[in-house]
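Those protein sequence lines, which keep their order, are chains A and B. Okay, so the first sequence: first residue is 0 according to numbering that gives the first Met the number 0, each after it adds one. Okay, so the second sequence: first residue is 0 according to numbering that gives the first Met the number 0, each after it adds one.
In case anyone wonders, no lab produced these hints; they're calculated from the structure.
As a list, the in silico DSS-like pairs of lysine-lysine whose alpha-carbon atoms are at most 27 Å apart:
| no. | chain 1 | residue 1 | chain 2 | residue 2 |
| --- | --- | --- | --- | --- |
| 1 | A | K741 | B | K438 |
| 2 | A | K63 | B | K235 |
| 3 | A | K125 | B | K235 |
| 4 | A | K509 | A | K537 |
| 5 | B | K196 | A | K61 |
| 6 | B | K235 | B | K196 |
Here are some of the chain B residues that sit facing chain A, going by a computed Cβ distance under 8 Å:
| no. | residue |
| --- | --- |
| 7 | G38 |
| 8 | A50 |
| 9 | S90 |
| 10 | V119 |
| 11 | Q142 |
| 12 | R379 |
C-beta atoms are modelled at their ideal positions from N, C-alpha and C, and glycine is treated no differently.
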Amino acid sequence: MKQTVEIKGAAHQDLQHDSAVKHVSGRAEYCDDIAEPAGTLHAYLGTSNVAHGRISSIGLSKVKEAPGVLGVLVAADIPGENDVSPTGRHDEPVFATDTIEFWGQPIFAVVAESRDAARRAAELAKVEVEELPHHVDVAEAMAAGYPHITEPLKLERGDLAEGQTAAHRIAGQMRIGGQDHMYLEGHIAFAIPGEDDDVVVHCSTQHPSEAQHMVAHVLGVPSNAVVVNVRRMGGGFGGKESQMNLFCAVAALAAKTWNRPVKIRPDRDQDMESTGKRHDFVVDYDVAFDDAGRIQAVEGQFAARCGWSSDLSGPVTDRALFHADNAYFYPHVRLTSRPMKTNTVSNTAFRGFGGPQGVVAAERMIEEIAYELGRDPLEIRKANFYGVQGDVTPYHQEVEDNILARLVDDLEARSDYQARRKAVLAHNAKGGIIRKGISLTPVKFGISFTATWFNQAGALVHVYNDGSIMLNHGGTEMGQGLHTKVAQVVAEAFQVDVTRIKITKTTTEKVPNTSATAASSGTDLNGMAALNACDQIKERLVAWACEEWGVSEGDVAFLPNQVVVGSESFAFGDFIKRAYMARVQLWAAGFYKTPDIHWDRARGQGRPFYYYAYGAAVGEVSVDTLTGEYTVDRADVLHDVGRSLNPVLDVGQVEGAFVQGLGWLTTEELWWDDDGRLRTHAPSTYKIPLASDIPRIFNVELADWSENRELTIKRSKAVGEPPFMLPICVFEALGMAVASVKDYAECPRLDAPATPERVLMAIERLRR
Amino acid sequence: MQHREEIRFLLNGRDVALREVAAEDTLLDFLRLERRLMGTKEGCAEGDCGACTVLVGRLSETGLHYEVVNACIRFVASLDGCHIVTIEHLSGPDGRLSPVQEAMVAHHASQCGFCTPGFVMSLYALWMQNAQPIEAEIETAIQGNLCRCTGYAPIIRAAQAMTEFGSATEAHLNREREAVSAQLLALRDGRRVVVSKGTSRTILPVDVDDLAQVLVAEPEAMIVAGSTDVGLWVTKFLRNISPAVLVGHLDGLRQITVREDAVVLGAGVTYSDAQDVIAQHYPHLGAYWDRIAGWQVRNMGTIGGNIANGSPIGDTPPVLIALGARLTLRKGDVRREIALEDFFVAYGKQDRAQGEFVEAITIPRSSSGVMAAYKISKRRDEDISSVAVGFNLACEGGVVTSARIAFGGMAATPKRASAAEATLVGQPFSEDVVMAAAKMLVEDFQPLSDMRASSAYRMTVAQNLFRRFWMEHSGAQARLERV
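Turn these sequences into a full structure, and let the hints steer you where they fit.
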């Protein structure tokens, strides 16, 4: 029988998100939409309203007496550990005991019959605090002698002193702002108590296993008593990697205390005040280079606002150093991190995980060189790409898969960069209020968790005897289309339509000890684990078929929606039914671990990354030099996802990351007042991009000629984080427009975010 | 006539009558907690993200109009006589997705999906008005909707393709228009509505005269129009607003009268209601108006409310003061008229007596003035201004005869730049004189530093806007337009 049809949803095909229809019709179920059993209670956090101090007393009698209140929970009510530190450093109490470390720190939880009653009651607390001096700013914290919140990292290679004898040397400082995740669905956890120690927690976390372990840790029960479920998140972006631990722990503790279901959902303000964000950095750089603009030496200190506890600040600040080279070879280099304690919320993972701050700093140094030498920054970039002078990174990994030369040449041509740059220069030469800028910036981003042990994943695939397939894996769905892509992998493996595959919620009951869906690794890891499960099942099916029909392995083929055995052909469902009757095991647990990676943090050497993903973008802007307002007139993106598993979803990731990165570098500003209180804590004051902020012309293409040289899932590459750094081109284009007021004689040294205010103030500074 | 003691409206085509309603009860909580209609989401509870967007159909003199609103800050009691349409009702009786939803699916316009129902509602409202919108119209329609995943590009593509998936005339909301109008008409009984829950009371006067009576009887009542500010007092600060007197439903406060010498806006006229007449009679405010909040808030928020709440950063007071607008205040049957700038006494203090309410705003028409209005904010759209300004200069023979320049964001109230104005009056209208006036702003203002802008930026940009004003008057390009 001749086979011509293709399955629906094969690998490398465009396929809509599995929940698209549910999304648009409002039927996609988020944690807050789950039907509440009768008797469901609601918890709310009571938080501090000073930035630093010693607690003298926690007066909760009015809270307890408030209408609808069942009771309160404080540190003393915790049967296990009063700690939700994700790295086991034991420095993140659920509830403060002696010391307040930031404005918004949880002190207690109140549990009531309704969320409204709990919220109102929480306001009635009388917490007396003896105030201490506070420092929310990184530079101030360093000046005040605040400690590192976790061990710093040093990356070193070559002889810095030798490199610094080069013809030119520039030192400078750059401030890079943080960023709130502003996922549209805020934090939420919903715990349902069971018998014995058991508790089931529905929540919106990127890391169900960690939430499970933390709940167990706080309740003082083994992990096997706790189940954590996540069907989908309304956005994560790193903000729900470790930050949900707090809410899961409180909900579970309350559920076990009152033996009733308990939900906790902070309002947007508390979500933004009391959960972590992207780290702000102050970067001191010192770059030496020759007359041709070739970098000879780089020294950089990366100080980060880590907040009151370590959370993930160690790996985040590490990753900033790992990306402080971006795409450029540094012959002599020393990079150090300073993960500073500050009296702010503990900063956490956010798309790029410190990498973007490193990349921005690298690109600032390129700008410095270009302005110093009066050259197009693109020429300086090309002169310093890996492959020109060398291939070894500051962490001693060889860059072996570099495609930037081709990718950048391709983009330069597609975007007509050279002609447009000339036009921009000509426009600015005329003077006038509206100035323009254009820039092409590349990105190289290392893929793998730098904590090597996280690079493992599990999957569970069931083929039921009617031929339907259930897919489960350790990854979580936050909108990125992970479940869709993994389903495509399974469809491809069995050669069945993807509609045959049921995507199920992520649950610690099915796959244990999973890693966070983070570091862009979701598809790489879980896709491979699912494929491994499929391969096991197929192997058994093939072995059985060979025996049953007396054929050899080569005579058994999985073709679209059917299985061919020798000269016979069976519909997939019929074949499975027969296999079941013949007692073939039709389910399997798959496993995967990334090969070839290792990392010695003490020595600062190793191969932390399995491969790199690449991309580049051209941004063009117009700036009003009277007000600092600007528009992004055009962006051209060429991005590398290897052989895309699902091009349309990958383009969606690139577009979305670009605009999110654009927000980080332009209008998204975190602002603390003199009392150490964050005043940008809701969308009314914290401004993420709107539809009218995106590039007016927005061309996004995938480098369709790229293929991962490593044996990743179907030769694809991770896509979540790398494109987040593409809009640095917009940031630099803004700088160019600013610099035009002084005829490009000086590096504009814009700090991020480049709000209209910062742009105007830079213009005024250059004009003075 | 006996007061009615229940709120009556249609929810997704079905009658609802509620006897127990607190002034603070929001539509979003009603939908999610009481009716378990979970498609409408809470993203921010302050009207800034659009995840809770629903359609509200309201009968007016010109028929049944559907508008998008933010359910999170809309009070249930304010929906008396309206038809509320949620995402659950868009797919129609046959259960098929609406063309708007189909376009969203086909163009991969959802990722996490949490904002998606809100976007669908906004685009549905756009599609009912304008099936083939251009990009700028789409951007304006979704100004009040945040998406953190997609970068908006696929949503815009979907919006451009809506018409390929079906015609709005076929939409069941349009086909059922007559039936729904009849249902809504049947809900009207010409009675004052008084509802309560516990100690929280809400009064919906039957007309403006009734409002005046109610306020005389209850002088301490909270007047609530669009609730785009008062809504936040409830959702953010947990304030009680009882007794609340709602005015948003009063057709008598939503009159727009174009006279020879002035345009008179009833205090309950929303930003959306006023949009066309403002753009027509005050062309310099056309683009400015588009940058006030998002579509949902423009549909709810009223110009009277924007003034009466006394905020120093409201968008309309500076530009209306510049135009010489006057307020009509009414208490009982007694009316008085004051200059708008005189209404703002100090931060948090306005010239409004207890029991008195803003009834109308009279905006003089003048064709001879040199007028401009500028808004500066961190983000172009749906942001609160760091500085807003209205310019209105009259010149005769090249000499400035009068100057009205009013700023928001520069002081504790919307305020005229008196020293700058004085520098201009009697002088030739020239660049030198305009920039000399700009320098005088330091006499007029000592702006604050806050999360929106620093004091230095506010002052610098305010002065630079004088240059923009001059340059635009001279025909130069001195402003960015997103085209």
